[in-house]
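Let the sequences and hints guide you as you build the complete structure.
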Amino acid sequence: RRSDPRREVSAMCRGRQAETSLSEKPVSILWRLPFRLPSPEPSRVPRCCRALARADRPPEGMLVQGVDGASTHRDELSYAYDWALAVGTPVLAARAGVVVEACDVFRAGAPKPEYRPLANHVVLRHADGLYSRYFHLKQGSLRTSVGAAVSVGQPIAASGNTGFSSGPHLHFDVTDSTPTETSLLSVERTATQQQRAGGAAGAGATDTAADATDAAKEAPPPPGLVSGTVKSAAAAFCFALPPASSPLRAPLVLGDPPTADSPLAACDGAVVLLRRCLHVDFVDKVRRAEAAGAVAVVVVNNKPVPAVHTMGWGPAAQREAPPGVPAVMVPLVEGEAMAEALQRGEPLVCTLSGSPHLGRFRGGHREARAAACAAARAATPQASPLDPRPWLPFVPVTQPAAFAWPAEGGSPEAEGGRRAYFPAVGEIPPVAVQRAAGWEET
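Okay, so the sequence shown: first residue is 3 according to my numbering, each after it adds one.
Just to be clear, a hint being listed does not mean it is correct.
As the list claims (entries may be wrong) - EDC-like cross-link-like pairs, simulated, lysine to aspartate or glutamate; straight-line CA separation at most 20 Å:
1. K233 with D106
2. K233 with E342
3. K305 with E342
4. K305 with E348
5. K233 with D263
Stated by the list, open to error - The following label-pair restraints were derived from C-beta to C-beta distances:
6. C279 with F241: 21 to 27 Å
7. G361 with R145: 26 to 32 Å
8. E342 with T231: 14 to 20 Å
9. E322 with E342: 33 to 39 Å
10. A376 with G326: 19 to 25 Å
11. E322 with S73: 28 to 34 Å
12. A129 with D263: 32 to 38 Å
13. E342 with K305: 17 to 23 Å
No wet-lab data here; the hints were simulated from the structure. Beta carbons: idealized from backbone N, C-alpha and C, even for Gly.
The structure is reproduced here in structure tokens:
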């Protein structure tokens with residue numbers, strides 16, 4: 003009987019060695035260590051110093067939380083690594099890729115729930131559809147930007163202590179998706195019937211009037227909208243979005259009431275703009291919009307942050323069928339710009355589809371979990387079809403990651419002639435692994 007690959011990796015991260023790889027297949031992808039220490043450090047901390055790992059200042063470069071970490075690395079975040087690093091330590095691209103998210107505007111961090119959305123971060127998309135994520139970065143430390151191509155080992159930022167954090171460290175993981183590449187949303191102005199009629203009736207008017215009409219038609223999009231494209235993230239309970247080849251296109255209207263805290267006014271065939279609030283669940287907002295005739299829902303974040311998040315779906319709501327219309331979240335600035343334009347009477351049209359990047363990576367942790375859930379449902383048919391459940395389609399799921407270990411000293415595994423390093427809690431990466439990440443002696 004084959005062993006559970008998650009248990010194998012957990013064993014390695016507790017300092018034991020195993021004879022199989024992460025997925026019982028040859029290691030085809032080896033990542034580089036995502037940081038550079040000031041100088042190579044010994045690969046193991048003496049037992050007499052292990053207590054330091056539990057102090058406020060563990061040794062720099064030590065892994066303080068690994069796979070299946072009891073603190074925060076659970077479920078879809080199981081395969082993740084937290085390294086203790088001094089603020090300002092260079093953070094490096096673990097593989098070549100393209101920057102799809104980058105934020106370094108936040109200053110503070112604390113182990114409090116309200117700090118969860120306030121972590122500076124960089125997300126890279128790689129050629130095989132995987133994403134690498136780097137969190138808790140230092141304010142103002144970005145050395146790249148969205149859309150830029152980066153090479154392996156290239157400095158992209160500096161480590162910090164922002165967001166949900168109990169001390170300076172770098173959180174690194176590899177996922178099969180990222181929220182901002184789940185959906186594509188664009189917004190554009192359209193000429194009103196009055197403008198079109200006025201244009202036809204005034205064909206013989208002066209050049210000044212014609213120029214004014216042309217200027218109105220060519221007016222820029224509302225402030226905050228860049229080329230009509232809006233950053234968005236699909237809700238966890240959206241099980242399907244229109245393909246990019248045939249997107250949903252419909253007029254955008256303001257929800258009434260705007261927070262959907264009671265049944266909405268009729269909005270047949272429209273995309274409804276709603277505001278996020280604390281007293282109405284996301285899924286309830288979308289269900290009320292669907293009941294009012296909406297074909298899609300755009301929820302405006304209520305936090306003044308540039309990032310957007312996957313709207314969740316609590317266990318109680320999962321007992322019911324999901325809404326039948328797509329829903330996405332947009333940042334506060336862009337959402338307020340759309341709301342203000344609609345309040346001024348400016349007609350807006352939304353175009354919404356799934357991102358072509360979603361689902362490019364196949365297999366891995368998500369597929370294994372889905373198979374396990376299917377087996378559990380088959381064994382206990384009386385259970386709810388959604389309990390136990392695979393992870394929802396638009397929620398990023400972490401994937402196993404091994405790191406390059408050039409020939410130097412012993413290694414846990416060397417399958418197919420490629421040496422892999424699996425970080426263990428309480429350990430500082432071996433010198434060879436550090437040097438493979440780009441350390442250079444000066």
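- So the hint says 14 to 20 Å: do the beta-carbon atoms of E342 and T231 match that? With Cβ atoms ~18 Å apart, the hint holds.
*Do the alpha carbons of K233 and E342 lie within 20 Å of each other, as the hint requires?*
holds, 18 Å
For the hint 19 to 25 Å, verify it against the beta carbon of A376 and that of G326. Roughly 23 Å apart at Cβ, these two residues keep to the hinted range, so it holds.
Is it true that the C-beta distance of A129 to D263 lies inside 32 to 38 Å, as the hint says? violated, 45 Å
Measure nothing beyond the straight line between the CA atoms of K233 and D263; if it is 20 Å or shorter, mark the hint as holding. violated, 25 Å
> Does D106 lie within 20 Å of K233 when you go C-alpha to C-alpha?
Replying inline: holds, 17 Å
Exercise. Should the hint that E342 and K305 are 17 to 23 Å apart at their CB atoms be regarded as holding?
Worked result: holds, 18 Å
Practice item. Starting from the range 21 to 27 Å, see whether the pair C279 and F241 falls in it by beta-carbon distance. Key: Between C279 and F241, where Cβ atoms are some 24 Å apart, the hint holds.
_For the hint 26 to 32 Å, verify it against the beta carbon of G361 and that of R145._
Given about 30 Å between the Cβ atoms, the range holds.
If you check the beta carbons of E322 and S73, does the distance land in 28 to 34 Å? Between E322 and S73, where Cβ atoms are some 32 Å apart, the hint holds.
20 Å limit on alpha-carbon distance, applied to hinted pair K305 and E342: Cα-Cα ~17 Å, so holds.
Between K305 and E348, is the straight-line Cα distance small enough, at 20 Å or below? Roughly 25 Å between the alpha carbons, so the hint for K305 and E348 is violated.
Of the numbered hints listed earlier, those contradicted by the structure are 4, 5, 12.
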